[in-house]
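Colleague: Protein chains in written order, with the working numbering: chain C, 1 to 87; chain H, 1001 to 1322.
Quick caveat, the hints were computed from the structure, so don't treat them as lab data. Bear in mind the structure is a predicted one, so any value in this text is a computation, not a measurement. Be careful, since some hints might not be right.
Said to hold, decoys possible - Straight-line distance between alpha carbons at most 20 angstroms, and here's what the computed SDA-like set of lysine to any residue pairs gives: (1) H/Lys1311 / H/Phe1321; (2) C/Lys45 / H/Phe1321; (3) H/Lys1311 / C/Thr9; (4) H/Lys1311 / C/Phe85; (5) H/Lys1253 / H/Leu1288; (6) H/Lys1311 / C/Ile36; (7) C/Lys64 / C/Asp38; (8) H/Lys1242 / C/Gln28; (9) H/Lys1242 / C/Thr9; (10) H/Lys1242 / C/Ser46; (11) H/Lys1311 / C/Ala82; (12) H/Lys1311 / C/Phe81; (13) H/Lys1311 / C/Lys64; (14) C/Lys45 / C/Gln28; (15) C/Lys45 / H/Lys1094; (16) H/Lys1311 / C/Arg84; (17) H/Lys1311 / C/Arg17; (18) H/Lys1311 / C/Asp38; (19) C/Lys45 / H/Trp1239; (20) C/Lys45 / H/Lys1029; (21) H/Lys1242 / C/Glu70; (22) H/Lys1311 / C/Thr7; (23) C/Lys45 / H/Ser1300; (24) H/Lys1029 / H/Thr1005; (25) H/Lys1253 / C/Leu21; (26) H/Lys1191 / H/His1286; (27) H/Lys1253 / C/Arg17; (28) C/Lys45 / H/Ala1296; (29) H/Lys1311 / C/Gln28; (30) H/Lys1311 / C/Glu70; (31) H/Lys1094 / H/Gly1060; (32) H/Lys1242 / C/Asp68; (33) H/Lys1311 / C/Asp68; (34) H/Lys1242 / C/Ala76; (35) H/Lys1188 / H/Val1260; (36) H/Lys1242 / C/Asn43; (37) H/Lys1242 / C/Arg84.
As the list claims (entries may be wrong) - Here are a few chain C residues that face chain H, going by a calculated C-beta distance under 7 angstroms: (38) His15; (39) Glu56; (40) Gln60.
Where is the CB? At the ideal position from N, CA and C, for every residue including glycine.
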Amino acid sequence: MVEQIVTVTNPLGIHARPSALIVQTASQYRSEVRLIRDELEVNGKSIMGVMMLAAEMGAQIMIKVWGDDEQDCSAALVRAFAVRFDN
Amino acid sequence: MDVITVEMLYRERREQFELSLLAGREGLKRKLANSEIARPGLALTGFFKRFAHSRTQVIGQTEITYLQDLPADALRDRLGRFFSFDLPMVVVTKGLNVPADLTAIAEETQTALFSTRLSTSEFISQLAVYLDGLFAPTTTKHGTLVDVFGVGLLYTGSSGIGKSECALDLVERGHRLVADDIVHVTRKAPKVIIGLASEMQGFHMELRGIGIIDIERLFGIQSVRLQKRVEVEVRLELWDSKAEYDRLGLESKYTTILGVEIPAVTIPVSPGKNITVISEVIAMTHMLKTYGENPAELFSQRLAEELRRRKMSDMYLERDFE
């Protein structure tokens, strides 16, 4: 299991398009992905779940990944946050 | 496209247009090059610059009155020049008396000259509808066209993906089949694509394992429709875990049929997946969008609004030292 905490840095927060990008990135891997914000834990491969995080700029998100390609998957997701979902 | 001759028009529509051939039977062999219609008033006054001679020429009361007022030599000269062009056909409307010179020169130049009992505007509007239909661009698509809640869904995808089965399921739920396997499409208006079955095929369908069935016979007249505007293309493809499918529906994708953009959706199919209900949702969502409401956009706006509100309240708390 890999756990990483990331901060949302893009001004508009995780709105619809970044959510789609997160889900698409996560879906490329076999690992299970969870995104956790405060009490809310959602599946990183479910677009509705990711949007329900309603993560604004500055919010902190814990990314939890487990599975045989967890390292790559986690790194890819952290990268997506780091480049502000601009791939 | 087939070559359209004056003879074909005369043969097919002489009764509807109330046509009678006055002169120039040889001219029936001439081809109609386009669907346009001209009133040659200005040309008959002697102004032949930009004379649209390749169009069907319609002579009404104004032109006939003008010609009757011309001195005999001027009349012959003007008609001579008029008929020296390669005119497809000339029609005199309202059953007006045709000057003898006009008939004579049409015969001489072997140009088909008709008389119709219809008024000029009535004749022109009926002829335009007929000619537009003949000259409309046409092609065939491999797919299945179904009317779902009044929305024309064109299913495409490789052979055996389940287009016919999907149509059958929809018919069973009360929707209407237009064409299966081969859909003839025509651009009837600048942005309108109409699809219909080939006359020979009708509402027959081939089902793997069963053979040929007749939808109209099995499900009745309410289960079929002769033609329908193609409004959404539904591409069926085998579920591919690597492929990326649209998750939001914020960006509209289009396909182009005969130069007209038609919204397109790609639906991954896998055994046991119910495409019928998805089809109904596609049709209803299309209606919502047509009526100006985009659910994906509205939801996205709601989320963006919430994110902005949260950011503002965070900023306020940060600077609140009371």
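Colleague: For each hint, tell me whether it holds in the structure or not.
Modeller: Hint by hint, here is what the structure shows:
Only pairs whose Cα atoms come within 20 angstroms are accepted, and lysine 1311 of chain H paired with phenylalanine 1321 of chain H is accepted, the gap being roughly 18 angstroms. Our distance criterion of 20 angstroms between C-alpha atoms is broken by lysine 45 of chain C and phenylalanine 1321 of chain H, whose separation comes to about 40 angstroms. Note on lysine 1311 of chain H and threonine 9 of chain C: the hinted pairing holds, with a Cα-Cα distance of about 12 angstroms set against a maximum of 20 angstroms. The suggested pairing of lysine 1311 of chain H with phenylalanine 85 of chain C holds, with an alpha-carbon distance near 18 angstroms, which does not exceed 20 angstroms.
Distance hint between lysine 1253 of chain H and leucine 1288 of chain H is fulfilled; the C-alpha atoms sit about 16 angstroms from each other, no more than 20 angstroms. Distance restraint check for lysine 1311 of chain H and isoleucine 36 of chain C: the Cα-Cα separation of roughly 18 angstroms lies within the 20 angstroms cut-off, and the hinted pair is therefore satisfied. Taken as a hint, the lysine 64 of chain C and aspartate 38 of chain C pair is honoured in the structure, with Cα atoms around 13 angstroms apart against an allowance of 20 angstroms. The hinted pair formed by lysine 1242 of chain H and glutamine 28 of chain C meets the criterion: a straight-line CA distance of about 7 angstroms does not exceed 20 angstroms.
Between lysine 1242 of chain H and threonine 9 of chain C the CA atoms are separated by roughly 29 angstroms; this puts the pair beyond 20 angstroms, and the hint is violated. For the proposed pair lysine 1242 of chain H and serine 46 of chain C, the alpha carbon gap of about 16 angstroms is at most 20 angstroms, so the pair holds. With a CA separation close to 19 angstroms, the supplied pair lysine 1311 of chain H and alanine 82 of chain C stays within the 20 angstroms bound. Taking the CA atoms of lysine 1311 of chain H and phenylalanine 81 of chain C, the gap is about 17 angstroms. The hint holds against a cut of 20 angstroms.
At most 20 angstroms may separate the alpha-carbon atoms for a hinted pair to count; lysine 1311 of chain H and lysine 64 of chain C exceed this at roughly 25 angstroms. This hinted pair checks out: lysine 45 of chain C and glutamine 28 of chain C have alpha carbons roughly 9 angstroms apart, not beyond 20 angstroms. Distance restraint check for lysine 45 of chain C and lysine 1094 of chain H: the Cα-Cα separation of roughly 72 angstroms exceeds the 20 angstroms cut-off, and the hinted pair is therefore not satisfied. For a cut-off of 20 angstroms, the pair hint linking lysine 1311 of chain H to arginine 84 of chain C stands: about 16 angstroms separates their Cα positions.
A threshold of 20 angstroms between alpha carbons decides the hint, and for lysine 1311 of chain H with arginine 17 of chain C the separation of about 18 angstroms falls inside it, so the pair holds. Pair hint lysine 1311 of chain H plus aspartate 38 of chain C holds up; C-alpha atoms about 16 angstroms apart against a cutoff of 20 angstroms. The hinted pair formed by lysine 45 of chain C and tryptophan 1239 of chain H meets the criterion: a straight-line CA distance of about 17 angstroms does not exceed 20 angstroms. Simply put, lysine 45 of chain C and lysine 1029 of chain H have alpha-carbon atoms about 68 angstroms apart, too far for the 20 angstroms limit, and the pair is violated.
For the hint linking lysine 1242 of chain H to glutamate 70 of chain C, the alpha-carbon distance of about 18 angstroms falls within 20 angstroms, and the restraint holds. Note on lysine 1311 of chain H and threonine 7 of chain C: the hinted pairing holds, with a Cα-Cα distance of about 13 angstroms set against a maximum of 20 angstroms. Proximity of lysine 45 of chain C to serine 1300 of chain H is assessed by CA-CA distance (about 18 angstroms); at most 20 angstroms being required, the pair is judged to hold. Simply put, lysine 1029 of chain H and threonine 1005 of chain H have alpha-carbon atoms about 6 angstroms apart, close enough for the 20 angstroms limit, and the pair holds.
For the given pair, lysine 1253 of chain H sits about 18 angstroms from leucine 21 of chain C by alpha-carbon distance, which is consistent with the 20 angstroms threshold. A C-alpha spacing of about 16 angstroms is found between lysine 1191 of chain H and histidine 1286 of chain H, which places the hinted pair at or below 20 angstroms, so the restraint holds. Proposed proximity of lysine 1253 of chain H and arginine 17 of chain C is supported: the alpha carbons are some 16 angstroms apart, at most 20 angstroms. Between the alpha carbons of lysine 45 of chain C and alanine 1296 of chain H the distance comes to roughly 18 angstroms, so the proposed pair stays at or under 20 angstroms and holds.
As the CA atoms of lysine 1311 of chain H and glutamine 28 of chain C are separated by approximately 31 angstroms, the hinted pair breaks the 20 angstroms bound. Of the supplied pair hints, the one linking lysine 1311 of chain H and glutamate 70 of chain C is violated, its CA atoms being roughly 31 angstroms apart against a limit of 20 angstroms. For the hint pairing lysine 1094 of chain H with glycine 1060 of chain H, the CA-to-CA distance comes to about 7 angstroms; that is within 20 angstroms, so the pair holds. Annotation: proposed proximity of lysine 1242 of chain H to aspartate 68 of chain C holds, straight-line Cα distance about 17 angstroms (limit 20 angstroms).
Between lysine 1311 of chain H and aspartate 68 of chain C the CA atoms are separated by roughly 37 angstroms; this puts the pair beyond 20 angstroms, and the hint is violated. Distance hint between lysine 1242 of chain H and alanine 76 of chain C is fulfilled; the C-alpha atoms sit about 16 angstroms from each other, no more than 20 angstroms. A threshold of 20 angstroms between alpha carbons decides the hint, and for lysine 1188 of chain H with valine 1260 of chain H the separation of about 11 angstroms falls inside it, so the pair holds. A distance of roughly 19 angstroms separates the Cα atoms of lysine 1242 of chain H and asparagine 43 of chain C; the hinted pair therefore holds under the 20 angstroms criterion.
Distance check on the hinted pair: lysine 1242 of chain H and arginine 84 of chain C sit about 24 angstroms apart at the alpha-carbon level, beyond 20 angstroms; violated. Satisfaction of the interface hint for histidine 15 of chain C is found here, the shortest Cβ-Cβ separation to chain H being roughly 5 angstroms, below the 7 angstroms cut-off. The beta carbon of glutamate 56 of chain C comes within 4 angstroms of a beta carbon in chain H, closer than 7 angstroms, and the hint placing it at the interface holds. With a cut of 7 angstroms, the hint placing glutamine 60 of chain C at the interface with chain H is violated, because the nearest CB-to-CB distance is about 12 angstroms.
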